[in-house]
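Following the hints, position chains P and V against chain C.
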Amino acid sequence: MVDQPSWDLLADLQLLLEFHFMQNALLAGTLVALLAGATGYFIVLRGQSFAAHTLSQVGFPGAAAGILLHLSPVLGLIGFCVTAALGIGLRGRGLDAGWRGESAAVGGILAFALAVGLLFFSLYAGSVEAIYAFLFGSILGVTDRDVLVTALTAALALLALAVIGRPLIFASVDPEAAEARGVPVRALALAFLVLVALSVAVAVQIVGTLLVFALLVTPGAAAQRLTPRPGLGLGLSTVLSLLFVWSGLSVAYFSPLPVGFAVTTLAFGTYVLARAR
Amino acid sequence: MAADPEPVLSFAAATAELGGRTVWRDVDLEIKAGEFVAVLGPNGAGKTTLIKCVLGLIPLARGRLTVFGRPVQRGSDRVGYLPQRRSFDADLRIRGVDLVRLGLDGADWGLPLPFARAKSARVAEVIRLVGAEAYARRPIGELSGGEQQRLLIAQALVAGARMLLLDEPLESLDLNNQQAISSLIRRICREHQVTVLLVAHDVNPILPFLDRVVYVAQGQVVSGRPEAVITTETLTRLYGAPVEVLRTSDGRLVVVGQQEPVSYHGHG
Amino acid sequence: MSHILAYDFMRNAALAGTGIALAAGLAGYFVVLRNQVFTSDALGHVAFTSGLGALVGGVQLLAGVFGGTIAVALGMGGLGGRARGRDVAVGTVFAWVLGCGVLFLSLYSRGRSAAGGTAGVSLLFGSILGLRPAQAVTAAAAGVVISALLLLIARPLLFLSVDPDVAAARGVPATALSFGFLVLLGATVAEAVQAVGALLILGLLVMPAATAQRLTARPYLGLALSGVLAVLFVWAGLVLAFYLPYPASFLITTLAFATYLVSRWGWLW
Numbered sequence: 000m001v002d003q004p005s006w007d008l009l010a011d012l013q014l015l016l017e018f019h020f021m022q023n024a025l026l027a028g029t030l031v032a033l034l035a036g037a038t039g040y041f042i043v044l045r046g047q048s049f050a051a052h053t054l055s056q057v058g059f060p061g062a063a064a065g066i067l068l069h070l071s072p073v074l075g076l077i078g079f080c081v082t083a084a085l086g087i088g089l090r091g092r093g094l095d096a097g098w099r100g101e102s103a104a105v106g107g108i109l110a111f112a113l114a115v116g117l118l119f120f121s122l123y124a125g126s127v128e129a130i131y132a133f134l135f136g137s138i139l140g141v142t143d144r145d146v147l148v149t150a151l152t153a154a155l156a157l158l159a160l161a162v163i164g165r166p167l168i169f170a171s172v173d174p175e176a177a178e179a180r181g182v183p184v185r186a187l188a189l190a191f192l193v194l195v196a197l198s199v200a201v202a203v204q205i206v207g208t209l210l211v212f213a214l215l216v217t218p219g220a221a222a223q224r225l226t227p228r229p230g231l232g233l234g235l236s237t238v239l240s241l242l243f244v245w246s247g248l249s250v251a252y253f254s255p256l257p258v259g260f261a262v263t264t265l266a267f268g269t270y271v272l273a274r275a276r
Numbered sequence: 000m001a002a003d004p005e006p007v008l009s010f011a012a013a014t015a016e017l018g019g020r021t022v023w024r025d026v027d028l029e030i031k032a033g034e035f036v037a038v039l040g041p042n043g044a045g046k047t048t049l050i051k052c053v054l055g056l057i058p059l060a061r062g063r064l065t066v067f068g069r070p071v072q073r074g075s076d077r078v079g080y081l082p083q084r085r086s087f088d089a090d091l092r093i094r095g096v097d098l099v100r101l102g103l104d105g106a107d108w109g110l111p112l113p114f115a116r117a118k119s120a121r122v123a124e125v126i127r128l129v130g131a132e133a134y135a136r137r138p139i140g141e142l143s144g145g146e147q148q149r150l151l152i153a154q155a156l157v158a159g160a161r162m163l164l165l166d167e168p169l170e171s172l173d174l175n176n177q178q179a180i181s182s183l184i185r186r187i188c189r190e191h192q193v194t195v196l197l198v199a200h201d202v203n204p205i206l207p208f209l210d211r212v213v214y215v216a217q218g219q220v221v222s223g224r225p226e227a228v229i230t231t232e233t234l235t236r237l238y239g240a241p242v243e244v245l246r247t248s249d250g251r252l253v254v255v256g257q258q259e260p261v262s263y264h265g266h267g
Numbered sequence: 000m001s002h003i004l005a006y007d008f009m010r011n012a013a014l015a016g017t018g019i020a021l022a023a024g025l026a027g028y029f030v031v032l033r034n035q036v037f038t039s040d041a042l043g044h045v046a047f048t049s050g051l052g053a054l055v056g057g058v059q060l061l062a063g064v065f066g067g068t069i070a071v072a073l074g075m076g077g078l079g080g081r082a083r084g085r086d087v088a089v090g091t092v093f094a095w096v097l098g099c100g101v102l103f104l105s106l107y108s109r110g111r112s113a114a115g116g117t118a119g120v121s122l123l124f125g126s127i128l129g130l131r132p133a134q135a136v137t138a139a140a141a142g143v144v145i146s147a148l149l150l151l152i153a154r155p156l157l158f159l160s161v162d163p164d165v166a167a168a169r170g171v172p173a174t175a176l177s178f179g180f181l182v183l184l185g186a187t188v189a190e191a192v193q194a195v196g197a198l199l200i201l202g203l204l205v206m207p208a209a210t211a212q213r214l215t216a217r218p219y220l221g222l223a224l225s226g227v228l229a230v231l232f233v234w235a236g237l238v239l240a241f242y243l244p245y246p247a248s249f250l251i252t253t254l255a256f257a258t259y260l261v262s263r264w265g266w267l268w
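The listed protein sequences correspond, in order, to chains C, P and V.
With numbering that gives the first Met the number 0, letter number 152 in the first sequence gets 151, and the count goes up by one each step, no holes.
With numbering that gives the first Met the number 0, letter number 256 in the second sequence gets 255, and the count goes up by one each step, no holes.
With numbering that gives the first Met the number 0, letter number 69 in the third sequence gets 68, and the count goes up by one each step, no holes.
So here's chain C without its partners, still in its complex pose (with noise of 0.2 Å):
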């Protein structure tokens, strides 16, 4: 970007706010922080870290798809992530990378749905900017209607995450002993792959398909290496989150370095500290 900072806050904050697509990337920016902090907590808890990044992948040809109907890439990008989460939740066990025929078969769907992006993105002919805009993430291209769908989708699945929170921690821990107590612990995986599915496809706009793990799954990992209390864990998770979100969003602004670039090395940054401590 042309602007340079001054190193004073305030009117740096305000060189932030000037254009309207920053002001549209940083507030849905901050709405899928605090999603993508909550949600990611419970990611790492119940070890799920490869079903959201697989999700994130299958996301890729929705974008596509909502670019190429002329839809929102957003509502593309919800509709298939929340199918695919349907797809691997009634299944009725977790994707374990750890098996041999599974690995090849989720191995074969990741490759077939960037393939599939591909096709897509080739057949609307725009250009390759909007390739790498969700792969790899974009400061620029989060519209009006993005910024109120995004807003709608956090809203609802952050509601929905507080009434299934305590249940959720329980069969997650210890699900044989939530299912004795009455927890419907199906039934709560099942909303819960679909809450990582809403997380994964507000997310990709601006960290990108292929990154979306730094901002879903590192935040969560870092904070269950620092604290083992819940509700700090969670806290914790969701302010990593939107660090990395205003931070990286901040260094692309104001210097010709990419966000997927900024968000992921500081998620990997933490996490080496959170490991090392």
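Keep in mind that the hints were calculated from the coordinates and are not lab data.
Mixed in with the good hints, there may be bad ones.
[As the list claims (entries may be wrong)] Partial pick of chain V residues on the chain C-facing surface, computed with a CB cut under 8 Å:
{"no.": "1", "residue": "V36"}
{"no.": "2", "residue": "C99"}
{"no.": "3", "residue": "V101"}
{"no.": "4", "residue": "L102"}
{"no.": "5", "residue": "A209"}
{"no.": "6", "residue": "Y245"}
{"no.": "7", "residue": "T252"}
{"no.": "8", "residue": "T253"}
All values reported here derive from a predicted model rather than from experimental measurement.
We treat Cβ as the ideally placed atom computed from N, Cα and C, and that holds for glycine.
For chains P and V alone, coordinates are given in the frame of chain C:
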């Protein structure tokens, strides 16, 4: 017992160390050809280390170990090995017969020649010996634990093993399969004069067949005849927990109580 | 059909594609057997980043792709583990690797936006129809060399993959062989990036092998079948790409995935 007076396996003043810690020291032990030997001892006492020394996978820290009269050597055709707790995932799409064949020439470079009749015949021979003809051509992952175990014994034998090192081969098998596999091992031992060293937790299924018991505990390895070792006093001392040896009405020995984590009462 | 090969770009694609596919099919058989699908996926990401890093650093692209991928493959072997998909550490590291790729992409494309953009997309999704004759010959030769080396270590590698304890006891050099295979896998991934791209690697590497393992439980037949299937997918994909307005790597991946689904379906019934 065997006609061959030379010991097939001989430890002399042998000491094994793992990561600087002495596992057992000053072991003197001789096993004769065709003996059926049980290796007993509590968890972590060094039974698997003993087996791995005989395979040449872990070098001795001190002392001497000869196998078939020669210094121990890795990858010997005369020693067959069945590692501990090995079961194949349901999605491993490799046939049993291929697994047995790998025991014969799996360490060679390149691809196998398609018309190596002698090798195929040898593979068929050991599969017949263990009675696995019916399912040897099915994927190994689809077979039951007992069926897998038979094929693995065939694999251990296929290169012409004169000694079998079996690390807990009866674990995780049901009672019927435990008896079937132990009588198969005994038949191989008796009819083909193959020496058997069998690591076991539960000694009951093999108790009637044993020529000798080697027990590994508290840094020591001691051997003796089953009647001498399988007694309430010796086993209780060996496991550091109360164990009782009973004699049934038809004269068989039964070992009870060795799994129970009860507190120590001085002596059993 | 013969007039397809009258075009230089199709001849180059067919030549390179055959060598690449053969190596990918053979290596893929062991990838599935050894459960290294996600190691391969991760290596694909590395290939993307190291290719762009080479461009930024002014090194030849292919040298960067091969060098970077093989070096990281060796490093992963040194860490001793297989990259399991559920592992948070691995996911975070490889998200960062891709993030660095994006950085290189933006550095490279600054000032020459069209060329930079194309280089990135070629690395991500393959560029088999855009190979020059010399590149095609190199790719084919590398594919043949990799395949020959894989066949040389095939038997002990098979033993080690299905039965590591006994293989070690029987004298298979386990560590050397694991490292050797990772190097060959890194080279194969670097090769395959030229055909289907860094993101679609698994389509050519894993799908033919997974199909072959569904169809037969005979190891050497499965290995051969995997190689043959991969070559067929590439040929069929190239022919279709000649007539249809769709990207070749999409067609190759789709054919491979569809065949896998059919093989799985048929097996279930």
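Right, here's what the structure says about each hint:
1. The closest approach between the C-beta of V36 of chain V and any C-beta of chain C is roughly 4 Å, which is under the 8 Å cut-off, so the hint is satisfied.
2. Proximity of C99 of chain V to chain C holds as hinted, the smallest CB-CB distance being about 7 Å (cut-off 8 Å).
3. Of the supplied interface hints, the one on V101 of chain V holds, with its beta-carbon coming within about 4 Å of a beta-carbon of chain C, less than 8 Å.
4. For the restraint placing L102 of chain V at the interface with chain C, the shortest Cβ-Cβ distance is roughly 4 Å, inside the 8 Å limit, so the hint holds.
5. Given hint, A209 of chain V at the interface with chain C, holds; its Cβ is 4 Å from that chain's nearest Cβ, closer than 8 Å.
6. Because the closest C-beta pair between Y245 of chain V and chain C is about 6 Å apart, less than 8 Å, the hint holds.
7. Against a cut-off of 8 Å between C-beta atoms, the interface hint on T252 of chain V holds, since the closest Cβ of chain C lies about 4 Å away.
8. This hint holds: T253 of chain V has a C-beta 6 Å from the nearest C-beta of chain C, less than the 8 Å allowed.
Against the hints set out earlier in the document, no violation occurs for any number.
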